[in-house]
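Participant: Using the hints, position chain B with the ligands against chain A.
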Amino acid sequence: MNPRTVIFEEEQRRLQEVCTRLTRDSLARAIFLIDKNGQILVAVGETANIDTTSLASLVAGTTAATSSLAKLVGEEEFPVHFHEGKRDNLHISLVGEDHILTVIFDERSSLGLVRLRVKKATEKLVEIFVALAERQGLGEEADLFSEITDEDIENLFSDTF
Amino acid sequence: MSFINYSSREIILKIVYYGPGLCGKTTNIKFIHTATNPDARGKLISLETKAERTLFFDFLPLSLPAIRGFKTRLHLYTVPGQLFYSASRKLIMKGADGVIFVADSQDARFEANLIAMDDLKENLSAYGYDIEKIPFVVQYNKRDLPNVTDVEKLREALNPWGVPDFEAIATEPDGPGVFDTLKAVVKMIIQQLRAGAR
Ligand SMILES: Nc1nc2c(ncn2[C@@H]2O[C@H](COP(=O)(O)OP(=O)(O)O)[C@@H](O)[C@H]2O)c(=O)[nH]1
Ligand SMILES: [Mg+2]
Numbered sequence: 001m002n003p004r005t006v007i008f009e010e011e012q013r014r015l016q017e018v019c020t021r022l023t024r025d026s027l028a029r030a031i032f033l034i035d036k037n038g039q040i041l042v043a044v045g046e047t048a049n050i051d052t053t054s055l056a057s058l059v060a061g062t063t064a065a066t067s068s069l070a071k072l073v074g075e076e077e078f079p080v081h082f083h084e085g086k087r088d089n090l091h092i093s094l095v096g097e098d099h100i101l102t103v104i105f106d107e108r109s110s111l112g113l114v115r116l117r118v119k120k121a122t123e124k125l126v127e128i129f130v131a132l133a134e135r136q137g138l139g140e141e142a143d144l145f146s147e148i149t150d151e152d153i154e155n156l157f158s159d160t161f
Numbered sequence: 001m002s003f004i005n006y007s008s009r010e011i012i013l014k015i016v017y018y019g020p021g022l023c024g025k026t027t028n029i030k031f032i033h034t035a036t037n038p039d040a041r042g043k044l045i046s047l048e049t050k051a052e053r054t055l056f057f058d059f060l061p062l063s064l065p066a067i068r069g070f071k072t073r074l075h076l077y078t079v080p081g082q083l084f085y086s087a088s089r090k091l092i093m094k095g096a097d098g099v100i101f102v103a104d105s106q107d108a109r110f111e112a113n114l115i116a117m118d119d120l121k122e123n124l125s126a127y128g129y130d131i132e133k134i135p136f137v138v139q140y141n142k143r144d145l146p147n148v149t150d151v152e153k154l155r156e157a158l159n160p161w162g163v164p165d166f167e168a169i170a171t172e173p174d175g176p177g178v179f180d181t182l183k184a185v186v187k188m189i190i191q192q193l194r195a196g197a198r
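So the sequences go chain by chain: A and B.
Per the numbering used here, residue 1 is the first one in the first sequence, and the count goes up by one each step.
Per the numbering used here, residue 1 is the first one in the second sequence, and the count goes up by one each step.
One thing to keep in mind: the hints can contain errors.
Listed below are the simulated EDC-like cross-link pairs for lysine to aspartate or glutamate, each with C-alpha atoms no more than 20 angstroms apart in a straight line [said to hold, decoys possible]:
1. Lys187/B / Glu77/A
2. Lys71/B / Asp25/A
3. Lys124/A / Asp25/A
4. Lys183/B / Glu151/A
5. Lys94/B / Glu77/A
6. Lys71/A / Glu97/A
Don't read these hints as lab results, they were simulated from the structure.
Looking at chain A on its own, in the form it has when it is part of the complex (with noise of 0.2 angstroms):
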């Protein structure tokens, strides 16, 4: 089976960190941390009326349509894609393999302070990913799931549907 995603607290505030310091040095109205499949790791800057859970799966998406594309015209990724609007500008950008992040800016910013910010950041999340990969599958995890019982699962769908 596939590996799991875990992330712990340690990392969670790490990674926090420094996508906060870049919403700062970048002017940057928001930031999100994405992994390839469409989940979320971080969101600061003005989230509050950004539907982030669709915005993760969405940049997910148009991550994984633009990499077929970088495909067909035969580069092996196009490691950042930048979508202009009339007011806010998306820049989005690979973090190693499995990583994504986005930064939504304004006019108090520029493509260049943008794109000069996230590179220095970039090496940082990296580093907290590599970190977090060894600490993976040293089962420190295994706990929450051998407790769950049959009942607990039956009770899952009991208010939702």
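Facilitator: Just chain B with the ligands now, with coordinates in the frame of chain A:
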């Protein structure tokens, strides 16, 4: 590949609806969206063309009650049938925790079901999954229509493994079989996580 966040205390399970074009994958997800308690459902994203063909994917996030203090979230995806981009297929299959195969019960779609099933097997192995191991259920949809194949025959062709399977009518107001199908795969996923932990 389940996603477990110890910091936000949540578990996210990704479930993929697979099947031939027009078998009712989008209809399944739309039914779930309308019939789920509004507190539990997120926004349905349906990337459809004007002709209601799913272009990229449909996506529906759901929140289930907490299990052992962890919020359980389901991310439901459908794969597009016609314009079957390898990019979106890859995104969708990658990281799937469970798969629901939706068959179109109509006689005229018998072949199309077989082709889609072969395709699914090929895709699963391409992404490193084993169809005998990944939580997997089958749904025979459109049971309301006049020219449908017997369930026995569909089962023989599409479910040689004997995984849980369900008859469904996704267009009916009470969507018989739709929730049963989803519940079954969620149970299998959690049971498998538990078995892996023990
Ligand atoms: N009669 C009937 N029609 C269905 C049923 N489920 C889906 N459909 C119809 O089949 C067509 C294709 O459904 P859709 O969900 O878009 O298929 P998808 O390509 O798998 O996403 C639509 O016109 C649906 O209304 C069903 O259970 N019974
Ligand atoms: Mg569809």
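Participant: It remains to establish, for every hint, whether it holds in the given structure.
Facilitator: Verification of the hints:
With a CA separation close to 38 angstroms, the supplied pair Lys187/B and Glu77/A exceeds the 20 angstroms bound. Distance restraint check for Lys71/B and Asp25/A: the Cα-Cα separation of roughly 33 angstroms exceeds the 20 angstroms cut-off, and the hinted pair is therefore not satisfied. A distance of roughly 14 angstroms separates the Cα atoms of Lys124/A and Asp25/A; the hinted pair therefore holds under the 20 angstroms criterion. Between Lys183/B and Glu151/A the CA atoms are separated by roughly 14 angstroms; this keeps the pair inside 20 angstroms, and the hint holds.
With a C-alpha separation of about 18 angstroms, the suggested pairing of Lys94/B with Glu77/A holds against the 20 angstroms cut-off. As the CA atoms of Lys71/A and Glu97/A are separated by approximately 16 angstroms, the hinted pair is consistent with the 20 angstroms bound.
The structure fails to meet hints 1, 2 from the earlier list, while all remaining hints are met.
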